[in-house]
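Participant: Can you make the complete structure from the sequences, with help from the hints?
Residue numbers (my numbering), protein chains in the order written: chain Z, 1 to 147; chain S, 1001 to 1147; chain B, 2001 to 2112; chain H, 3001 to 3112.
These are calculated hints, taken from the structure and not from any lab test.
Source: prediction; values computed, not measured.
Every residue, glycine too, gets a C-beta built ideally from N, C-alpha and C.
Do not rely on the hints blindly, as some may be mistaken.
Per the computed footprint, the stretches of chain S lying under chain Z, defined by three or more beta-carbons under 8 Å from a beta-carbon of chain Z, are [to be verified]:
(1) 1014-1021
(2) 1033-1039
Calculated from the model, a selection of chain S residues having no Cβ within reach of chain H, i.e. all distances over 12 Å [unchecked claim]:
(3) G1055
(4) S1079
(5) A1093
(6) I1123
(7) D1127
(8) V1130
(9) E1131
(10) T1132
(11) D1133
(12) R1138
(13) P1146
(14) E1147
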Amino acid sequence: MAESHSETNLNSETVQLIIPCRPEYVGVARLAILGIASRMPFSYDEVEDVRLAVGEACTHAVERAGSAAATIRIVSTISAHALKIEVSDDVAADAVATQSEEARLLEEAGVDHQGLGALLMEILVDDVTVETDASGTRVVLTKYAPE
Amino acid sequence: MAESHSETNLNSETVQLIIPCRPEYVGVARLAILGIASRMPFSYDEVEDVRLAVGEACTHAVERAGSAAATIRIVSTISAHALKIEVSDDVAADAVATQSEEARLLEEAGVDHQGLGALLMEILVDDVTVETDASGTRVVLTKYAPE
Amino acid sequence: MTSRTPSETTCILDIAGEVDVYTSPQLKHDLVQMAERGVKQVVVNLSQVEYLDSTGLGVLIGGLKRMREAGGNLSLVGPGMRIQRIFEITGLNKIFEIHATEEEALAKEGVA
Amino acid sequence: MTSRTPSETTCILDIAGEVDVYTSPQLKHDLVQMAERGVKQVVVNLSQVEYLDSTGLGVLIGGLKRMREAGGNLSLVGPGMRIQRIFEITGLNKIFEIHATEEEALAKEGVA
Ligand SMILES: Nc1ncnc2c1ncn2[C@@H]1O[C@H](COP(=O)(O)OP(=O)(O)O)[C@@H](O)[C@H]1O
Ligand SMILES: Nc1ncnc2c1ncn2[C@@H]1O[C@H](COP(=O)(O)OP(=O)(O)O)[C@@H](O)[C@H]1O
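Facilitator: Structure, rendered in C-alpha cells:
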C-alpha cells in the first residue's frame, strides 16, 4: 500500500523530503539524496547510482502525474548496513490516463522509457520494490553498505 | 509560536524537509536549499547567501539541542516575488541548558558565535524573524526576487 | 544547448549540465527541429553533460530512430566516465556509436 | 586537514571543503594541539575551502585569540571570492590578516 503522506514515522536517522510532483523539483530531491548518500560508506559511483535511482523513481511519479497536482514524499533511512529510500506519490491511479505530451511522443517513437527507468533502478541499487494502489505508488530502493 | 511538526500546509510550490537535529545532517539541508534557491531568479551569490543563512538557522538548532533527540523541519515556499524558508525545531526550551562541549569552549574563548550566526542571517537575507516558545524555535528567512 | 553545422545535412549538438525530466523536452524539441530541417547526421557532444537519466536516454533513442528512418544517424561524442557507465549498464552502448572526439565521429559519418 | 611546519613555532594548516558545525570541531582540535605544542604563528590556507559558516569563523577567532595571547598570530591565506565575502560582510577582515599567498603571510610573520 502506498502510505498516506500524513503518516510519519521518523526516527533519529531518518530524513523526509516532500516536493511537488513536477519536473522542476526532481533536481531538488537529487541534491538532497546526494547529501544523504554521502553519509554512507559508499564510493563516488555508488553515491551517484543512488542519486540516479531516486531520480528515476521521482521521474516515474512526475510522468504519471502529468498536469495533475500531486506530491512526492521521499523518506531516507540510514543504518549501519544499508540506505533505504522510500519514494511515495499520491498520483491517483485514474490520473495516470492523463499522459504527458512528452510521454506520448516517446511512446509513438517506440521508446518505453518508463521501462528504461525501471531497468536503471534495478541495476543501480540492490533491491527495488514497487507497490501501486488507487491512492498512489510507493517505490522502495535499498542499497547495502560495502562489507 | 513554533509550529508542531505534524501540521503541514503544503501547496504546489512548497518543499518540506525534515532532518535529525544533528551536525552531520545540516549539509543535507544545505544541498536541498541549493536546489530550491536555484529555482529562483537569483544570482550565484544570492543562492549561496540563502544556503548559508539556512545553514546558520540549522546550526543554531543543532547547538541548542546538544545531545537531545530533536528534528528540524524546513519548509520552503517559492513565489514570483520571494523565497520564504521556515526552519523550525522541537528543541524544548529547557533542553538548551545542555550546552555542547564545543559551544562551551567557544564561550570560554569569548566568542559568542550564535551571535555571529544571527548577524550572518540578518546580512544574507532580506527578512529574518525568530520565535521561541517552550516547544521549540521557528526562524523564518525571506529573500526577495530581484525587481 | 548550441548547435553547429559542418555540412548541410550534418549538425553537431552541444548539450551541457543535467539532462533529465525537466530539461530533456528542450533536447527533444531541438532534435525534432533538426529532422524537420532535413538534417540527417547528428553528432551529440556529451562532454559537458553531468547527469543523464532515462528521459534523456529516451530522447536520444527517439532521435536515433528518427535519423535512421531518414537514412542518417545520430552518434555520441565524449561522454564522461559516469555517463559512459550509464550507456554500458543499459546496453545502449551497443545501439549508439560512441566516439572519443568530434573528428572521429564526423570522419565516421563521412564529413571530414 | 594537513599541516606543514616551516619553523619550530610556525605552522601552515591546509583546510579544505566545508567548515561547518559538523567539521569545525576537528579544526578546533588541530588548533588547540598546535597551541599546546608551542606553535605561535599559524597560517591557515583557505584556498580549498568551499563553505565556511559561523562555527568555522568562531573556531578561527578562538585560534586567533589563543595565538595572540601567546604573543603570536593566526593569519589567513588565499580565500576564494565567496569566503572572502563572508569575512567582509561580518567585518572580520579587519580582525584577521588575510594574505593572497603563503609567501606573503610567512614574510609578514618573519619566516622567509
Ligand atoms: N539494450 C537495449 N537495446 C535497445 N534498446 C534498448 C535497450 N535498453 C533499453 N532500450 C530501449 O528502451 C526501451 C525500454 O527498455 P526496457 O527497459 O527493456 O523496457 P521494457 O521492459 O519496456 O522493454 C526499449 O523500448 C528500447 O527502445
Ligand atoms: N566585526 C567584528 N569584530 C570583532 N569580532 C567580531 C566581529 N563580528 C563578530 N565578531 C566576533 O563574533 C562574536 C559574535 O558577534 P556578534 O554577531 O556581534 O554577536 P553579539 O551580538 O553576541 O555581540 C563576537 O563576540 C566577536 O568575538
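Participant: Against this structure, judge whether each hint is valid.
Facilitator: Comparing the hints with the structure gives:
no., hint, verdict
1, 1014-1021, "holds (count 7)"
2, 1033-1039, "holds (count 5)"
3, G1055, "violated, 5 Å"
4, S1079, "holds, 26 Å"
5, A1093, "holds, 21 Å"
6, I1123, "violated, 5 Å"
7, D1127, "holds, 17 Å"
8, V1130, "holds, 15 Å"
9, E1131, "holds, 20 Å"
10, T1132, "holds, 18 Å"
11, D1133, "holds, 24 Å"
12, R1138, "holds, 19 Å"
13, P1146, "holds, 18 Å"
14, E1147, "holds, 22 Å"
In terms of the numbered hints stated before, the structure departs from hints 3, 6, listed from lowest to highest.
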